[in-house]
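Heads up: the sequence lines are chains A and B, in that order.
Under my numbering, think of the first position of the first sequence as 24, with each following residue one higher.
Under my numbering, think of the first position of the second sequence as 59, with each following residue one higher.
Treat the hints with care, as some may be off.
To give an idea of the chain B side of the interface with chain A (calculated C-beta under 7 Å), a few residues [as the list claims (entries may be wrong)]:
| id | residue |
| --- | --- |
| 1 | Ala203 |
| 2 | Asn287 |
| 3 | Lys288 |
Source of the hints: derived by calculation from the structure; they are not laboratory data.
From the three backbone atoms N, C-alpha and C, an ideal C-beta is built for every residue, glycine too.
Residues per chain are reported as follows:
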Amino acid sequence: MKLARPATLLTVGLMALALGGAGCNKNPQKTTNIPGFGPGITDDKNSTPTGTVLPPTGGIGPGAGVSTIPINTDGSIPVGSKDLSTYRENRTEFRDQTVYFEFDKATIPPSEISKLEEVVRRMKSMPTKGIKVEGHCDERGTEEYNRTLGDRRALSIREWLAGHGMSAEMIATISFGEDKPADSGHNDAAYKKNRRGELILLSPPGSN
Amino acid sequence: MKSIFVSILCAAALLTSAPALRAGEKLVISKPYDSLGFLEPILVHITGLTGEADNVLKSDLIFMGVVHKPLAEAKYLINAGATGARAEARVLEAVTKGLMHQAAFTADSQRAAVHALADSIATKLTGLPGIAQTRMTFKVETGPARGEIYISDYDGFGAFAVTSDQTIVASPGWAGRGTLVYASYKLGNPYIFSHVLSTGNRAPVAKHAGNNYSPAVSPDGRRVAMILNKNGSPNLYVANIDGSGLLQLTHSREGDACPCWSPDGQSICYASRAGGATALRVISAGGGSPRVLRTTFAPSPTEPDWSPDGKWIAFTSLTGGFKIFIVLAAGGEAHEVAQGEDPSWAPNSRALMFCSGPDHGKHLSLLDVPTKTVKSVARILESNSQPSWAK
Numbered sequence: 024m025k026l027a028r029p030a031t032l033l034t035v036g037l038m039a040l041a042l043g044g045a046g047c048n049k050n051p052q053k054t055t056n057i058p059g060f061g062p063g064i065t066d067d068k069n070s071t072p073t074g075t076v077l078p079p080t081g082g083i084g085p086g087a088g089v090s091t092i093p094i095n096t097d098g099s100i101p102v103g104s105k106d107l108s109t110y111r112e113n114r115t116e117f118r119d120q121t122v123y124f125e126f127d128k129a130t131i132p133p134s135e136i137s138k139l140e141e142v143v144r145r146m147k148s149m150p151t152k153g154i155k156v157e158g159h160c161d162e163r164g165t166e167e168y169n170r171t172l173g174d175r176r177a178l179s180i181r182e183w184l185a186g187h188g189m190s191a192e193m194i195a196t197i198s199f200g201e202d203k204p205a206d207s208g209h210n211d212a213a214y215k216k217n218r219r220g221e222l223i224l225l226s227p228p229g230s231n
Numbered sequence: 059m060k061s062i063f064v065s066i067l068c069a070a071a072l073l074t075s076a077p078a079l080r081a082g083e084k085l086v087i088s089k090p091y092d093s094l095g096f097l098e099p100i101l102v103h104i105t106g107l108t109g110e111a112d113n114v115l116k117s118d119l120i121f122m123g124v125v126h127k128p129l130a131e132a133k134y135l136i137n138a139g140a141t142g143a144r145a146e147a148r149v150l151e152a153v154t155k156g157l158m159h160q161a162a163f164t165a166d167s168q169r170a171a172v173h174a175l176a177d178s179i180a181t182k183l184t185g186l187p188g189i190a191q192t193r194m195t196f197k198v199e200t201g202p203a204r205g206e207i208y209i210s211d212y213d214g215f216g217a218f219a220v221t222s223d224q225t226i227v228a229s230p231g232w233a234g235r236g237t238l239v240y241a242s243y244k245l246g247n248p249y250i251f252s253h254v255l256s257t258g259n260r261a262p263v264a265k266h267a268g269n270n271y272s273p274a275v276s277p278d279g280r281r282v283a284m285i286l287n288k289n290g291s292p293n294l295y296v297a298n299i300d301g302s303g304l305l306q307l308t309h310s311r312e313g314d315a316c317p318c319w320s321p322d323g324q325s326i327c328y329a330s331r332a333g334g335a336t337a338l339r340v341i342s343a344g345g346g347s348p349r350v351l352r353t354t355f356a357p358s359p360t361e362p363d364w365s366p367d368g369k370w371i372a373f374t375s376l377t378g379g380f381k382i383f384i385v386l387a388a389g390g391e392a393h394e395v396a397q398g399e400d401p402s403w404a405p406n407s408r409a410l411m412f413c414s415g416p417d418h419g420k421h422l423s424l425l426d427v428p429t430k431t432v433k434s435v436a437r438i439l440e441s442n443s444q445p446s447w448a449k
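Given these sequences and hints, build the entire structure.
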């Protein structure tokens, strides 16, 4: 059972606040390396974070930017309790940041990382907004296997974003398996376009 | 559900007209058809029917291990007749002309009566449960990222839609004969519902935050195995069919998929990506450590389905296209039986329903596993997949 260790109950958002925010010197909270996450989080309070550190995102009520989602020891992050289903979808904002995967893989290829860095950079200026990640597959796996694979792909993107400053609470995921191909062809060129994670900008109801 | 009113005429008086088998004598078929241990097909010669009735009887019997052959090869003679919604037959031993079996059925239609007749004959000759009057549920694609759950007779006839969700639906299965369980994206995220066919009442089985999918109902219809990502990875869970008593069974980060139940309800077989290479695993339905099920010669196994007699697990292998294999439930050497995917066992543990074809152009087929006889099933709209045979 992958119970969360107490130290990892902290969110990345809180860590970002502790490490990069104002008044953090008074914060006695010890931070801890989280397996599977990038640089920027260490247990040395004097070190300088080297990864992308963002201000906390808002919109989740008291303690904005502070997620209470426990991070599992294997780096996976449980689904949050925040309901983002009423948020408005903008499918064009991150259209060029669609992440493409290798066949039957859910790890983010190094060549795709810069797209996610761009997403994190732009999300800095939109602290009240969230992201929905859609996981998709090509048709070469079986239908339900692909639902799991698409799920894992979307979760991998969520974990990367949360590991680089976004609040996990503000990132929803959904798997469409092979049900929504970007290219309906039955060839390698189509398959390459279909193994993907799409990022959709979410705006709270009533906001611009 | 259309009920079939069946009258069995098997009067003892009729049996006296020929030197029948002695009462209680059992048909013993000991010679295995091949190394897999299935029964050799029983060869019969059928007379007396024409047109649809003839086709239906012969086709039904193939998938129950009874095959129509020229008179010289037949071990049994079947003298059948069909008039209106009534069908009847006498089964004679070919050499002695001894009366083996006699039956007549009246149903809602001639087709239904012939199905009942086929079951009666096959059950008598093979000792296996009849399948000709069973039904299946499956997914019909109605447009891009849109589909509905359907039910039809096992041969594809009499199909009707159960849902009108106009969204992605998936993984229909039976909880007894009167309730379906499936996943639907109707509310946005995929959630799992139970659906009582007689009332249309739909209730959530799993509506947890995140994604809920790939339901598989236990053989007693009371529990559901499924994949949830609520704890951060796609993992295997079980719950009661009303959603209570949720238990997480697996914890792999890479993810688990496609569960099915052993016929005794004690174990769950599923595909796991744990450790990098996809493999089938078996875990106790009450929790514990999974064991890897070896599927030698069949890479990337997914979509397992456990035969009702407990002996076999059929699954899909991705090896230059989809192929269906079967492996003994203890694991070992896997045997290729057809090109296609997503197999579902018939109640007789001999036939399989499966689908084949490219995405958006899939169709269902019946397979008699030991003889590898395949027959396409009538297709609804453009793409049919994920068959589940009512047991």
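Now the hints, each set against the structure:
no., hint, in the structure
1, Ala203, "5 Å, holds"
2, Asn287, "5 Å, holds"
3, Lys288, "5 Å, holds"
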